[in-house]
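A.B. asks: Chains S and B supply the protein sequences, listed in that same order. Here my numbering is used: position 220 in the first sequence is 220, and no number is missing along the way. Here my numbering is used: position 10 in the second sequence is 10, and no number is missing along the way.
These aren't lab readings, by the way, just hints derived from the structure by calculation. Watch out, some of these pointers could steer you wrong.
Stated by the list, open to error - Below, simulated EDC-like cross-link-like pairs (lysine to aspartate or glutamate); rule was C-alpha separation at most 16 angstroms, straight line:
1. B:K64 with B:E90
2. B:K38 with S:E295
3. B:K38 with S:E291
4. B:K38 with B:D94
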Amino acid sequence: MLGGRPLAEPVTDDDPIEALYARGVTDGLPAVPPTAARVRRAVAASGRAAGELIALVPPNYGRATVEKIAVNAVMAGCRPEYLPAVLAAVEAVCDEAFDLHGVAATTNSPSPLLILNGPVRRTLDVNCGAGLFGSGWRANATIGRAVRLVCVNLGGAAPGLVSMSTLAHPGRYTYCIGEHEEASPWESLAVEHGFAPEDSTVAALAADAPLSVYDHASRRAEDLLATIAASLAVIVHHKMTHWGDTLLVLGPEHARTIAGDGWRKADVRRFLFERLRRPVRDLVPGRDGGEGLPEHVLRKFASPADDATPIPKFRSPDNLKVLVAGGTAGRFSAIVPGWTFANASRMVFRKIATP
Amino acid sequence: MPDETYLDPTDSVAVPRRTAPRPSSLDGKVVTLLDISKAKGDHLLDRLEALFRERTGATAIVRKRKPTFARPAPDDLRREIVGSTDVVVEALAD
Numbered sequence: 001m002l003g004g005r006p007l008a009e010p011v012t013d014d015d016p017i018e019a020l021y022a023r024g025v026t027d028g029l030p031a032v033p034p035t036a037a038r039v040r041r042a043v044a045a046s047g048r049a050a051g052e053l054i055a056l057v058p059p060n061y062g063r064a065t066v067e068k069i070a071v072n073a074v075m076a077g078c079r080p081e082y083l084p085a086v087l088a089a090v091e092a093v094c095d096e097a098f099d100l101h102g103v104a105a106t107t108n109s110p111s112p113l114l115i116l117n118g119p120v121r122r123t124l125d126v127n128c129g130a131g132l133f134g135s136g137w138r139a140n141a142t143i144g145r146a147v148r149l150v151c152v153n154l155g156g157a158a159p160g161l162v163s164m165s166t167l168a169h170p171g172r173y174t175y176c177i178g179e180h181e182e183a184s185p186w187e188s189l190a191v192e193h194g195f196a197p198e199d200s201t202v203a204a205l206a207a208d209a210p211l212s213v214y215d216h217a218s219r220r221a222e223d224l225l226a227t228i229a230a231s232l233a234v235i236v237h238h239k240m241t242h243w244g245d246t247l248l249v250l251g252p253e254h255a256r257t258i259a260g261d262g263w264r265k266a267d268v269r270r271f272l273f274e275r276l277r278r279p280v281r282d283l284v285p286g287r288d289g290g291e292g293l294p295e296h297v298l299r300k301f302a303s304p305a306d307d308a309t310p311i312p313k314f315r316s317p318d319n320l321k322v323l324v325a326g327g328t329a330g331r332f333s334a335i336v337p338g339w340t341f342a343n344a345s346r347m348v349f350r351k352i353a354t355p
Numbered sequence: 001m002p003d004e005t006y007l008d009p010t011d012s013v014a015v016p017r018r019t020a021p022r023p024s025s026l027d028g029k030v031v032t033l034l035d036i037s038k039a040k041g042d043h044l045l046d047r048l049e050a051l052f053r054e055r056t057g058a059t060a061i062v063r064k065r066k067p068t069f070a071r072p073a074p075d076d077l078r079r080e081i082v083g084s085t086d087v088v089v090e091a092l093a094d
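Using the sequences plus the hints, can you model the full thing?
C.D. replies: Below, the structure written as structure tokens:
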């Protein structure tokens with residue numbers, strides 16, 4: 001039994017697609033009309049009660065019930081069986097640790113990147129392989145889009161009014177990938193974070209757009225990771241320090257090169273963490289750009305301009321989240337910078353319930 | 001008009017928020033200057049405080065600071081401000 005109100009009568013247009021535009025509830029792309037029949041099918045597929053409250057969505061703290069989320073998922077084009085994944089994703093982004101209030105309102109560019117692990121990738125046909133950040137897969141396209149519509153329609157994150165991102169990025173339409181676990185020489189991102197391989201999970205990261213890294217020549221782990229470190233060094237700005245959760249998506253060929261030298265993911269993190277430290281003298285504001293270590297940090301050093309003390313780019317090796325994804329041909333990886341100031345957003349996981 | 005009704009994707013019970021009425025004068029008011037912890041927010045508020053002291057009859061000017069700009073003010077801080085001040089100026093900077 002659905003309890004939600006119908007939308008107010010459309011203003012002018014008898015075309016269903018135009019009627020939704022007229023009500024200001026789309027993301028700029030046409031939306032599937034959320035008829036009661038479609039919404040009912042989505043709620044039924046979740047195995048949960050329509051009125052169950054899943055979360056309050058910052059910054060306006062709209063009530064995200066199963067039904068309200070289903071309405072947005074239908075509009076996004078989700079198949080009914082995607083709903084458990086969408087519900088878990090909404091729970092994840094509304095966790096206090098994710099700081100959706102900040103993510104939604106900041107002048108920075110983040111959008112929640114959803115990362116699926118476990119059997120759900122196969123049952124929902126989530127793209128984990130070639131072109132996974134791109135178009136062409138219904139699950140990736142619509143699960144990510146459903147979360148965006150929830151953020152706007154229930155969270156109030158209207159661009160230019162509440163969501164004040166100066167630039168944003170195309171991931172604000174949809175941003176959802178799966179890990180290519182079958183092509184990974186290591187345990188998955190979710191297993192590293194305490195889940196079982198047979199668990200289906202979603203992780204949410206407040207993320208900038210992916211930056212691809214090309215290295216066709218390196219054949220040793222150290223050489224390849226030196227290339228990747230140099231690209232990681234410039235994220236946010238080249239003198240940013242103490243940054244938080246950031247994702248490294250290793251393409252299967254790159255992962256094989258690294259694992260072939262006997263390196264585990266922990267070795268990758270440690271190598272990158274250590275290589276990404278820079279001496280205080282390289283981080284002084286006004287040299288190579290106005291940004292740099294803030295005054296209160298610089299005051300701790302007697303002669304910042306000469307000081308060789310290494311300062312880390314990331315707060316800890318564990319802030320470097322590593323997974324394997326993408327097509328099995330091509331020596332590419334991608335860096336997905338997080339929006340992760342100290343005490344701000346962190347990556348959040350949720351298990352996807354089986355209805 | 002479409003032949004079916006559509007369900008509302010927004011929170012239809014959310015109460016629209018309104019801003020509080022603006023005071024016509026700061027005479028006799030308590031003013032809180034809230035620094036959100038962005039770089040140079042204190043520069044802006046130092047100047048504002050000086051101007052408020054020079055040009056208004058505010059009875060008190062209180063300085064408060066959020067722990068981080070990236071999150072909403074903690075509940076305790078919000079309660080403290082709401083319970084003890086008439087006017088808040090929140091400083092964005094950078």
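A.B. asks: Hey, B:K38 versus S:E295, does the alpha-carbon distance stay inside 16 angstroms?
C.D. replies: It holds: about 12 angstroms lies between the C-alpha atoms, which stays within 16 angstroms.
A.B. asks: Starting from B:K38, check that the Cα of B:D94 is at most 16 angstroms away, please.
C.D. replies: 6 angstroms, holds
A.B. asks: Is the Cα-Cα distance between B:K38 and S:E291 16 angstroms or less?
C.D. replies: 13 angstroms, holds
A.B. asks: With a cut-off of 16 angstroms on the C-alpha distance, tell me whether B:K64 and B:E90 pass.
C.D. replies: Since the Cα atoms of B:K64 and B:E90 sit roughly 10 angstroms apart, the hinted pair holds (cutoff 16 angstroms).
Consistency note: the structure conflicts with none of the earlier hints.
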